[in-house]
Amino acid sequence: MILIVAEHSNEVLSKSAYELAQAARQLQSEMPEAGEVTAVVLGSNIAAAASAAGLIADQVLVADLPALAQYDAEIWSAAVAQIAREGEAQVVMIAGSRSGREYSPRVAVKLDAPLLEDVIRLHHEKTGEAGQGTLRADHYTFLSRVTEHIEAQAPAVVVTVKPGSFAPVAPGSTPAEQFDVDLELPQSRLKVTGSIKEKTGRIALTEAEVVVSGGRGVGTQEGFAQLVEGLADQLGAAVGATRAVVDAGWRSYSEQVGQTGKTVQPKLYVAVGISGAVQHLSGMNKSKCIVAINKDADAPIFKITDYGVVGDAKEIVPAILAELRS
Amino acid sequence: MRILTLIRQVLDAEESVRVRDGAVELEGSKLVMDTMDEYGVEEALRLRESGAAAEVVVVAVGPARAEESIRTALAMGADRGVHVVTDVALDAIALSAVVAQIARDEGAELIFCGGQQADWDSQALGAATAERLQWPQATWTSQLEMKGSTLVGKHEVDEGSETFELQLPAVVTTQQGLNEPRYPTLPNIMKSKKKEIRKEILETFGAVPRIKVTGQEIQVKERMRKILDGKDAAAAAAQLVKMLREEAGVIA
Ligand SMILES: Cc1cc2nc3c(=O)[nH]c(=O)nc-3n(C[C@H](O)[C@H](O)[C@H](O)COP(=O)(O)OP(=O)(O)OC[C@H]3O[C@@H](n4cnc5c(N)ncnc54)[C@H](O)[C@@H]3O)c2cc1C
Ligand SMILES: Nc1ncnc2c1ncn2[C@@H]1O[C@H](COP(=O)(O)O)[C@@H](O)[C@H]1O
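Residue numbers (this note's numbering), protein chains in the order written: chain A, 1 to 326; chain B, 327 to 578.
No lab work stands behind these hints, which were simulated from the structure alone. Note that the Cβ used here is the ideal one computed from N, Cα and C, for glycine as well. Just so you know, not all the hints are guaranteed correct.
[Unchecked claim] With the Cβ distance kept under 8 angstroms, some of the chain B side facing chain A (calculated, not the full set):
(1) 339
(2) 411
(3) 414
(4) 418
(5) 483
(6) 502
(7) 505
(8) 507
(9) 541
(10) 550
(11) 555
(12) 560
(13) 570
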């Protein structure tokens with residue numbers, strides 16, 4: 001079987017689950033002998049998410065347990081590894097979210113399987129007898145500047161899939177069969193003593209078609225709100241920020257784009273007062289169209305810009321807003 | 327308590343990546359200890375200075391030149407180094423077997439590992455090592471303190487951040503913001519020359535790559551670089567909006 005671990009939040013199946021299903025369907029067509037695309041839904045009180053998963057997979061395994069109320073790397077990896085082992089999964093697919101990338105290595109070690117990390121393309125090629133084969137994948141390395149071709153021997157390969165790399169599947173209309181699974185789970189050893197959820201009320205950064213990001217060049221926290229949020233509101237965009245701005249306390253970490261923040265690849269990325277350090281570029285350089293506003297004509301951001309304006313953000317952004325509104 | 331800090335020698339962030347014959351070429355480029363790893367070295371030194379740790383051992387698995395980065399860590403103040411000398415490119419899962427074995431041999435109780443290094447963009451080594459040792463882990467740690475044998479810290483997760491507590495032994499992955507890594511001082515650089523670096527060979531650990539890299543290429547998207555002069559803000563804005571609407575078709 002091809003296992004996909006379907007993430008959800010507040011009862012809603014995440015976009016990544018639909019993307020994983022797409023990637024799994026493509027693999028299934030290349031390796032029909034692998035059998036069903038099986039969605040795993042982990043959590044507590046997850047009936048709605050499990051039903052939604054039934055519309056994108058051939059079967060659904062549901063572990064609805066109080067012990068799964070909170071994500072924990074050790075618990076999650078134990079659950080997924082046990083299901084993969086018992087179902088003799090040939091491929092285990094996990095979203096390349098922060099949590100997915102955190103627990104997937106543990107799954108790989110438990111299954112004694114190779115791990116293909118953060119893949120953007122994935123193919124199976126028959127080599128040798130039935131069940132054998134090679135999984136070929138591409139992923140980015142060197143701060144997203146290099147595309148690397150990698151491969152691992154099936155069966156039993158763990159794969160994390162980079163968000164936004166596969167088109168989400170359209171859900172079907174007949175729900176697949178659901179099975180409850182019982183699991184032997186370890187105790188959590190990372191004791192979470194407090195949690196700060198950063199919800200902005202805007203469209204999620206990683207799912208937005210348009211992202212407007214601000215850097216230190218917007219001057220102040222107020223400048224950020226006025227210029228970057230103002231432009232984002234006008235464009236229906238998500239807001240992003242550089243590390244410098246997050247470190248200054250102007251914006252929350254959940255908005256940070258880059259190596260240590262989120263990776264985005266929207267249709268349009270607008271960088272306001274951002275210099276273009278490699279660590280920042282690594283989180284946005286796959287955007288389809290990049291626009292930059294910076295007063296320094298030599299700022300590195302302009303090297304990867306499609307359309308740019310050299311000028312003071314405090315003048316250019318209001319002018320753009322006026323133009324958009326007229 | 328003994329701390330292991332893992333380091334990788336990577337391309338300096340300021341350097342261009344070059345690919346030749348389907349592989350990244352590092353020859354002739356400036357190579358440095360990964361910034362992510364510097365936070366781990368610094369944090370380990372602070373724990374030792376606070377009396378919470380007795381010894382800081384730097385571990386690197388990589389080619390002969392990786393010794394330079396071990397020397398840098400020793401010059402920052404680490405006590406000694408272990409260098410598994412190999413030209414074999416190990417993936418994180420394979421590498422974790424080597425690291426876990428060294429941790430066992432050294433009787434380490436805490437391992438620092440960079441959250442995501444600037445060469446392989448992998449985030450897997452810390453977690454895979456923790457799994458092999460059956461230890462818990464905290465990833466993307468941005469604050470850390472030790473209270474007895476409990477690590478108290480803060481780390482970043484999908485939708486925000488969490489404060490946590492963790493009993494040793496444990497693996498902690500580090501990132502920007504955790505601390506300000508120190509620069510080596512001249513006396514420390516002098517002292518570091520006499521510090522021990524134990525050399526090991528990969529064969530001792532029986533680790534083989536699980537992933538084959540079959541090619542590397544640079545696919546930087548061609549950008550149009552239509553850069554307007556913003557001296558006349560209104561004119562530049564009008565032209566930009568027109569291009570985004572009509573040429574790029576990215577806004578309504
Ligand atoms: C290990 C590591 C990880 C990192 N991870 C990340 C990450 O995930 N994300 C990230 O963003 N950074 C990251 N960084 C930091 C990165 O190296 C840069 O320091 C950071 O991106 C710079 O942010 P900035 O562009 O806002 O600020 P600056 O580099 O200070 O740039 C400000 C820009 O604004 C322009 N400007 C100034 N005034 C105006 C004005 N009035 N109008 C228009 N333009 C103006 C300036 O010309 C300049 O180009 C990381 C660094 C390290 C070492
Ligand atoms: N992290 C990155 N992502 C995307 N493009 C980059 C990145 N770093 C550099 N570039 C651009 O890639 C081209 C080659 O840059 P360089 O590697 O610096 O020679 C230039 O246009 C750079 O601006």
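We went through each hint and held it up to the structure:
1. 339: holds, 5 angstroms
2. 411: For residue 411 of chain B, the interface hint is violated, since the closest Cβ of chain A sits about 23 angstroms away, which is over 8 angstroms.
3. 414: Check failed: Cβ of residue 414 of chain B comes no nearer than 15 angstroms to chain A, outside 8 angstroms.
4. 418: Holds: closest Cβ of chain A sits about 6 angstroms from residue 418 of chain B, inside 8 angstroms.
5. 483: Cβ of residue 483 of chain B sits 6 angstroms from chain A, so the hint holds.
6. 502: Status holds, d = 5 angstroms.
7. 505: Check failed: Cβ of residue 505 of chain B comes no nearer than 13 angstroms to chain A, outside 8 angstroms.
8. 507: violated, 15 angstroms
9. 541: holds, 4 angstroms
10. 550: Because about 4 angstroms separates residue 550 of chain B from the closest Cβ in chain A, which is inside the 8 angstroms limit, the hint holds.
11. 555: Result: holds, 6 angstroms to nearest chain A Cβ.
12. 560: holds, 5 angstroms
13. 570: holds, 6 angstroms
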